[in-house]
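Can you make the complete structure from the sequences, with help from the hints?
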Amino acid sequence: MGNGLRAAMGKSDSTLGCQEIQAGLPSLLKRLWRYGLVLSGNADTANDLVQATCLRALEKCDQFEPGSQLSRWTYTILGSIWKNELRSRRVREGQGFVDPEIALVADGVSEMDTNLLARQVLKEVDRLPEGQREAVFLVYGEGMAYREAAEILEVPVGTVMSRLAAARAKLASLKDQGDHLLPAE
Amino acid sequence: MSPAYGTNLSDEKLVAYIDGELSASEMESVAEALSQNTEARERLAVLERGGRAFGEAFDLLLEAAPEDKLHSVYAELIGKTGTAEPAPGAGMGDQEGNVVSLQPRRAGGGTPFWRMAAAAVILALVFAGGLMTGGFFKEQGQTVAEEPGWVEAVAGYVALFSEATLEGMPSDPQQRQANLERIETALGLPLSTDKITAPDLSFRGTQLLQLKGKPLAQISYLYGGKTPVALCIIRSSNPAAAPAKETRHGLNVVHWVKGGYGYMVIGDMPDAELDRIAQTFEARFS
Numbered sequence: 001m002g003n004g005l006r007a008a009m010g011k012s013d014s015t016l017g018c019q020e021i022q023a024g025l026p027s028l029l030k031r032l033w034r035y036g037l038v039l040s041g042n043a044d045t046a047n048d049l050v051q052a053t054c055l056r057a058l059e060k061c062d063q064f065e066p067g068s069q070l071s072r073w074t075y076t077i078l079g080s081i082w083k084n085e086l087r088s089r090r091v092r093e094g095q096g097f098v099d100p101e102i103a104l105v106a107d108g109v110s111e112m113d114t115n116l117l118a119r120q121v122l123k124e125v126d127r128l129p130e131g132q133r134e135a136v137f138l139v140y141g142e143g144m145a146y147r148e149a150a151e152i153l154e155v156p157v158g159t160v161m162s163r164l165a166a167a168r169a170k171l172a173s174l175k176d177q178g179d180h181l182l183p184a185e
Numbered sequence: 001m002s003p004a005y006g007t008n009l010s011d012e013k014l015v016a017y018i019d020g021e022l023s024a025s026e027m028e029s030v031a032e033a034l035s036q037n038t039e040a041r042e043r044l045a046v047l048e049r050g051g052r053a054f055g056e057a058f059d060l061l062l063e064a065a066p067e068d069k070l071h072s073v074y075a076e077l078i079g080k081t082g083t084a085e086p087a088p089g090a091g092m093g094d095q096e097g098n099v100v101s102l103q104p105r106r107a108g109g110g111t112p113f114w115r116m117a118a119a120a121v122i123l124a125l126v127f128a129g130g131l132m133t134g135g136f137f138k139e140q141g142q143t144v145a146e147e148p149g150w151v152e153a154v155a156g157y158v159a160l161f162s163e164a165t166l167e168g169m170p171s172d173p174q175q176r177q178a179n180l181e182r183i184e185t186a187l188g189l190p191l192s193t194d195k196i197t198a199p200d201l202s203f204r205g206t207q208l209l210q211l212k213g214k215p216l217a218q219i220s221y222l223y224g225g226k227t228p229v230a231l232c233i234i235r236s237s238n239p240a241a242a243p244a245k246e247t248r249h250g251l252n253v254v255h256w257v258k259g260g261y262g263y264m265v266i267g268d269m270p271d272a273e274l275d276r277i278a279q280t281f282e283a284r285f286s
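As they're listed, the protein sequences go chains H and R.
In this text, residue positions in the first sequence follow this note's numbering: the first is 1, and each later residue adds one.
In this text, residue positions in the second sequence follow this note's numbering: the first is 1, and each later residue adds one.
Just so you know, these hints were derived from the structure itself, not from any lab.
Predicted model only: the values in this text are computed from it and were never measured.
One or more hints might be untrue.
Below, simulated BS3-like cross-link-like pairs (lysine-lysine); rule was C-alpha separation at most 25 Å, straight line [unchecked claim]: (1) H:K170 / R:K13; (2) H:K175 / R:K13; (3) R:K226 / R:K195; (4) R:K258 / R:K195; (5) H:K60 / H:K123; (6) H:K175 / H:K123; (7) R:K13 / H:K30; (8) H:K83 / H:K60; (9) R:K214 / R:K195; (10) R:K214 / R:K258; (11) H:K123 / H:K83; (12) H:K60 / R:K69.
If you want it as structure tokens, here you go:
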């Protein structure tokens with residue numbers, strides 16, 4: 001990165017890791033927000049989580065190993081802020097992440113039909129317990145390997161596996177119950 | 001669930017099999033076990049039914065992300081790293097109790113600033129909630145009173161610029177100087193090379209344009225060797241307005257009014273970088 005960034009970080013912090021973080025965070029903001037939304041079920045809380053995560057990442061930038069995956073590192077931070085500092089006081093006060101405000105505004109009216117299935121999937125995922133929801137998101141949504149998800153969640157790989165298995169069993173039973181879940185709107 | 005179906009095939013193992021997360025030899029042995037056990041095959045089918053088009057579904061959420069807001073919040077955080085230092089008691093609890101609002105200050109604060117800012121934000125999250133506002137940039141929607149339409153007019157024009165456009169500008173120092181003096185005279189605003197250069201921007205030249213009969217100066221740069229960026233200045237009788245940012249014609253724009261002139265920095269470059277450059281120019285022209 002250029003002199004500007006170095007200057008912006010100030011001399012004492014101008015390690016490679018810090019520069020990499022400052023340059024890399026902008027492209028991760030949307031993904032971080034999505035993770036925050038999946039965890040909290042609330043768009044405002046997701047905004048707050050992104051902000052707090054960026055601050056924490058910048059604060060601890062000297063601990064980031066240059067060249068390693070910034071997304072994983074920041075996901076871990078976001079998850080830990082949620083679990084350790086926010087979750088207990090903001091217990092999914094939201095309506096879930098498929099609140100019409102979010103899903104519909106994003107779709108646009110004309111795309112509602114094509115997105116119907118995707119929104120249905122979100123509704124189903126939203127009903128899963130947090131641990132399962134999070135594992136499903138990281139592995140199936142973000143395409144991470146079990147091991148990577150386990151590192152972010154700070155749980156053993158076996159736990160990721162059992163959460164995914166439970167989530168699949170639950171989703172299968174929803175499908176077996178037929179189409180009653182299809183939204184009436 | 002942990003049924004063995006007379007085999008060692010737990011749900012976990014079957015899901016790992018579906019997801020291709022087993023070693024080659026394990027995949028083989030699961031396949032072998034499945035071939036010999038109807039119950040296990042049925043269970044596998046159930047777990048497969050529990051799959052969905054997760055990727056597409058989660059992509060919807062990505063589209064729903066408030067991108068502009070996230071970037072402006074981030075720009076604000078970054079903007080403070082170089083210019084802010086901890087001021088005792090400052091910024092905690094103002095802005096309706098939501099978020100740190102450290103006034104930009106000179107000289108670099110390091111870790112103490114971050115510790116404090118992070119702590120303040122966490123506090124704000126826990127006790128207040130809601131969105132942050134304030135700081136260097138106004139929220140979008142708080143319109144800045146300035147020459148009507150000039151942001152749009154300039155953005156539409158600059159959007160047509162390419163690297164090649166700027167290559168066509170004169171590189172002869174004397175001619176550049178003469179052009180600079182022309183816009184100086186037209187605007188009635190003292191300009192010098194020092195004032196219009198900035199780190200990371202390679203100066204390419206100046207042009208005198210006009211909008212509704214008013215002279216409009218455009219100072220052009222290349223950012224990163226290939227991205228056209230412009231600083232535009234127009235005389236304005238409007239009251240001073242703090243920098244505001246928006247996106248027009250796919251370009252990021254920061255514009256403000258100060259001392260009888262409207263200013264704008266515009267280009268297809270990362271938010272944070274543009275913000276930093278805008279702050280540099282904003283401080284230069286009083």
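Margin query: Run the distance test for K214 (chain R) versus K258 (chain R): straight-line Cα separation, threshold 25 Å.
Written below: holds, 17 Å
Margin query: Tell me if the straight-line CA distance from K13 (chain R) to K30 (chain H) falls inside 25 Å.
Written below: violated, 33 Å
Check: Between K214 (chain R) and K195 (chain R), does the CA-CA distance stay at or below 25 Å?
Finding: holds, 22 Å
Next item on the list: Sort out whether K83 (chain H) lies within 25 Å of K123 (chain H), counting only the CA atoms.
Entry: holds, 22 Å
Margin query: Would the hint linking K60 (chain H) and K123 (chain H) be met if the CA-CA limit is 25 Å?
Written below: Answer violated: K60 (chain H) to K123 (chain H) is near 36 Å, above 25 Å.
Notebook entry, point to check: Is K258 (chain R) within 25 Å of K195 (chain R), Cα to Cα?
Noted result: holds, 15 Å
Next item on the list: Given the hint that K83 (chain H) pairs with K60 (chain H), test it: the Cα-Cα distance must not exceed 25 Å.
Entry: holds, 18 Å
Check: Going straight from one Cα to the other, do K226 (chain R) and K195 (chain R) come out at no more than 25 Å?
Finding: Given that 25 Å is the threshold and the Cα spacing comes to 22 Å, the pair holds.
Next item on the list: Please work out if K175 (chain H) and K13 (chain R) have their alpha carbons no farther apart than 25 Å.
Entry: Distance of about 22 Å is within 25 Å: holds.
Notebook entry, point to check: Regarding the pair K60 (chain H) and K69 (chain R), is the alpha-carbon distance no greater than 25 Å?
Noted result: holds, 24 Å
Margin query: Run the distance test for K175 (chain H) versus K123 (chain H): straight-line Cα separation, threshold 25 Å.
Written below: holds, 13 Å
Notebook entry, point to check: Is the Cα-Cα distance between K170 (chain H) and K13 (chain R) 25 Å or less?
Noted result: Holds - the C-alpha atoms of K13 (chain R) and K170 (chain H) are around 17 Å apart, at most 25 Å.
Taken one by one, the earlier hints fail for this structure at numbers 5 and 7, listed in ascending order.
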